[in-house]
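Asks: As a plain string of letters, each chain reads:
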Amino acid sequence: MRTIASILALVLTASVWAADAPAAFREAAALYDQGQFDQAIARYESLIAAGVRSANLYFNLGNAHFKAGHLGRAILNFERAHQLEPRDRDVDGNLGFVEKQTKAYDAAAAGGWSAWLAGARDSLTTDEWTWLVVACYWLAMLGLIVFIWLPPTIEWRRWFRSAAITFGVIVLLASVGLGARIAIEEGPPAGIAVAKEVVVRFAPVDDGMRHFTAYEGQRLWIVGERPSRMQGLPGWLEVERADGKRGWVSADAVEKI
Amino acid sequence: MKEIRNQKSEIRNQKLLGFCRLVAVFCLLFPCLARAANFTASVDRTEVSVGEQIQLTLRCEDMPSTGQPQLPPLDGFSVAYSGAQTQVSIENGVRRDAIAHMFALTPTREGTLVIPAFNLQLGNQVLSSQPIVIKVVKGQIQGVNTEDVFQLKLSTARTNLFLNEMVPLDLKLSIRNGIRYRSQMPSIAAAGFSEIKLPRPVESQEVIDGKSFVVYTFRTLASPMQVGQLALGPAQAALDVFMDSGRRPRLPGFNDPFFENFFGGGGETKRITVTSPAVPVRVSPLPDAGKPADFTGAVGRYALDVTAKPTTLRTGEPVTLTIRVVGQGNLATLAPPKFTPPAGFKSYEPVVKGKQTDEMGYTGEKIFEQVIVPLSVRASVIPPVTFSFFEPEQGRYQTLSRGPIQLNIQESPAGAAPVVVGVAPAGATPRPPEKLGVGVVYLKPDLGAPAPASAMLYRQTWFLAGQAAPVLALLISLFAQRRRARLRSDIRYARKRRAYGNAQRRLAEAERLSRAGQSQGAAFYATLFKTLQDYLGDRLNLPSSGITSNIIEEQLRPRALPPEICQALKEVFTACDTARFAPSLQGKVDRERLVKIVREVVAAMEKLSL
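Residue numbers (numbering that gives the first Met the number 0), protein chains in the order written: chain A, 0 to 256; chain B, 0 to 609.
Incorrect hints may have been included.
Below, in silico cross-link-like pairs of lysine-lysine (DSS-like), each with a Cα-Cα straight-line distance of 27 Å or less [to be verified]:
| # | chain 1 | residue 1 | chain 2 | residue 2 |
| --- | --- | --- | --- | --- |
| 1 | B | K337 | B | K290 |
| 2 | A | K102 | B | K345 |
| 3 | B | K210 | B | K137 |
| 4 | A | K66 | B | K352 |
| 5 | B | K352 | A | K195 |
| 6 | A | K99 | B | K434 |
| 7 | B | K569 | B | K587 |
| 8 | B | K434 | A | K66 |
| 9 | B | K345 | B | K308 |
| 10 | A | K102 | B | K352 |
| 11 | A | K195 | B | K196 |
| 12 | A | K99 | B | K196 |
| 13 | B | K269 | B | K337 |
| 14 | A | K66 | B | K308 |
Derived by calculation from the structure, the hints in this document are not laboratory data.
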């Protein structure tokens, strides 16, 4: 049943994709060119609401938000584009450029080993890491099996052993990357502060004591949630900063990547 | 029904029935249908408390379809259209169509209220519903005083306003702590005002009359769009309150965790509407007396600041005039202050360069920039910039003026066309480092590849299960290789492994020969004997050619082969020997039985660990 539903969803998405999406995409770009950034944003977001998702769509939406002065939402959408196309240099360039415009930018954190490792981890999507591990694992096993079956008298038998060992080592290394990606996928979801200044409080009430301030574009991890008791109003999110400090923010101030 | 009919004459005398002559008129151009049309009004209950909703249903049977009917204002009720339901039924073979229009009525005061009769014009025919009497109990919901639990208050800083003035409004919704509820966003009725948008409320805790309340404070603005006596409000908030089985809201001390599953458990929800009284407001027009010529509609309290940069320049170079308006008022719609540069300046249209206001666009600043270019040294003074606005608290116009600003302008030197005087020798002057611009990369031209819709691979069971295949293949390969290696190196093992298969093949051949008749007797016994020799030789790792019946006593009996099997085996050996060496002595032998005996011997020996 779930499979049928998935296929149906895929077909519907594909039909939306095929029908109006490219025209609407071009229309939004035309609005952007005319300097009507808010209208362009609305057009791009209507596409997303219709179920269309692509790195290029998020990239353009990020650009429109940047031009409209919404740095947090620009970063949010560039991050979404980066998740789908991690090796797109345009996305990386714009993301880095916009991040530098924010108060939340930490030049020290942007360099160093941890940043390099994070960059390596994020250079592939989770599925790409999975395929890399699996492909090398199959090749390593294939090399091993051929090595086992070939008679010891055959000269080039050892090449299969070497191939199996090489692919095995790659499997181990890639598994570290995959594990890191899975830890992110399964861990608390990351969000981006989209309001200019986000007051993070000790309690999920408006007059709760202020803990710290997060700035537009800052990455926060969402570790808890409390829905609003007033319909139409955002609830509260419990967020964690990179240094482990936690607090509550209004749910409309932080958006999940 | 009878009681209602008796009250009709009394009701007609009541003042509130003045409007009931008119009512929801459904545009009907069709003649009456053959079946009798019917129009009724009903409510789901006739006794409610203030703020509690009841449902009014206007049911039209066998009438042409109409749109949403408009009810006149009902005294003592606030009305909201809930939707329509259509119904088709067949009665005695006759189709009946009905449409029910439903309205949510919320009593706003206590007492005996009457929903008047409604008239419905259908062609030439007028159909009437019956009036309905509703008993409204003051502020009580099944024994719990509503006012002690929910409060809604609307207040404004000023009640004497001017047209287009922006006045702050405070709406406070107080809910007794411990009540389990879910609230809708309140709404404020404000005819004659611009649309009132409620921002996110500030949530706080307050103690009112010794009781603890959670208070949502909505701070917003109202701006009158017409003059005269208007009303701000009433404001309304609908709340779904969780009631326990005794239909009482759960109050503190009832051990309800405050934040856990709203409306879970065995209770039910009850829709309650809290209403605040309206605030009467008098709106005056902006006076004509004293209106400055440059007044463009700004109402509020403002300050003006004007700067020019640079002030030392050459003719033809631009000067940026920055005009900053700070204050409170309709900043969002504020037009730029009037500034017309005198002759000698070329000017461009002013643009809004920045705006920093509060969420409602009421308090803050708005910055305009206008570029002007002095065309001659005589244009050395920027004249004053003026800004006029109406100050509602003082009730008069004010004009602010900043400037003039003195410029130090020099004549631009007459430019000469650059002349190339020579080519620098290669390597003589290093090329200056290139300075690259920074900015965002332009838009992508197309949508690109769609993002995968399915879950990630590592979460998919089929994918994970598939990864067992190489391990399985490897294990099978290892097992097969080990076996192959042992078969090559371990003769005893190899003979033992092949013994059974060879025996079965030979026995099948022997069986075939036994059925072939007397002519194949020699071949049968030879095959049977060979079978025994090879099998026992392989199993015992002895030369097959040396296997005779002596093997039974020498090898098999000591290895605990059952005596009856030994006996049977001996019989087979004897039969074979007789057939081979003294066929004339051999009587009639059941060859198939011999084959069967050998099979049993093989089966028995397979069970032995030899």
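Asks: Against this structure, judge whether each hint is valid.
Replies: Going through the hints against the structure:
no., hint, in the structure
1, B:K337 to B:K290, "15 Å, holds"
2, A:K102 to B:K345, "39 Å, violated"
3, B:K210 to B:K137, "21 Å, holds"
4, A:K66 to B:K352, "14 Å, holds"
5, B:K352 to A:K195, "18 Å, holds"
6, A:K99 to B:K434, "18 Å, holds"
7, B:K569 to B:K587, "18 Å, holds"
8, B:K434 to A:K66, "23 Å, holds"
9, B:K345 to B:K308, "16 Å, holds"
10, A:K102 to B:K352, "21 Å, holds"
11, A:K195 to B:K196, "21 Å, holds"
12, A:K99 to B:K196, "35 Å, violated"
13, B:K269 to B:K337, "57 Å, violated"
14, A:K66 to B:K308, "26 Å, holds"
Of the numbered hints given earlier, the model fails hints 2, 12 and 13; all others are met.
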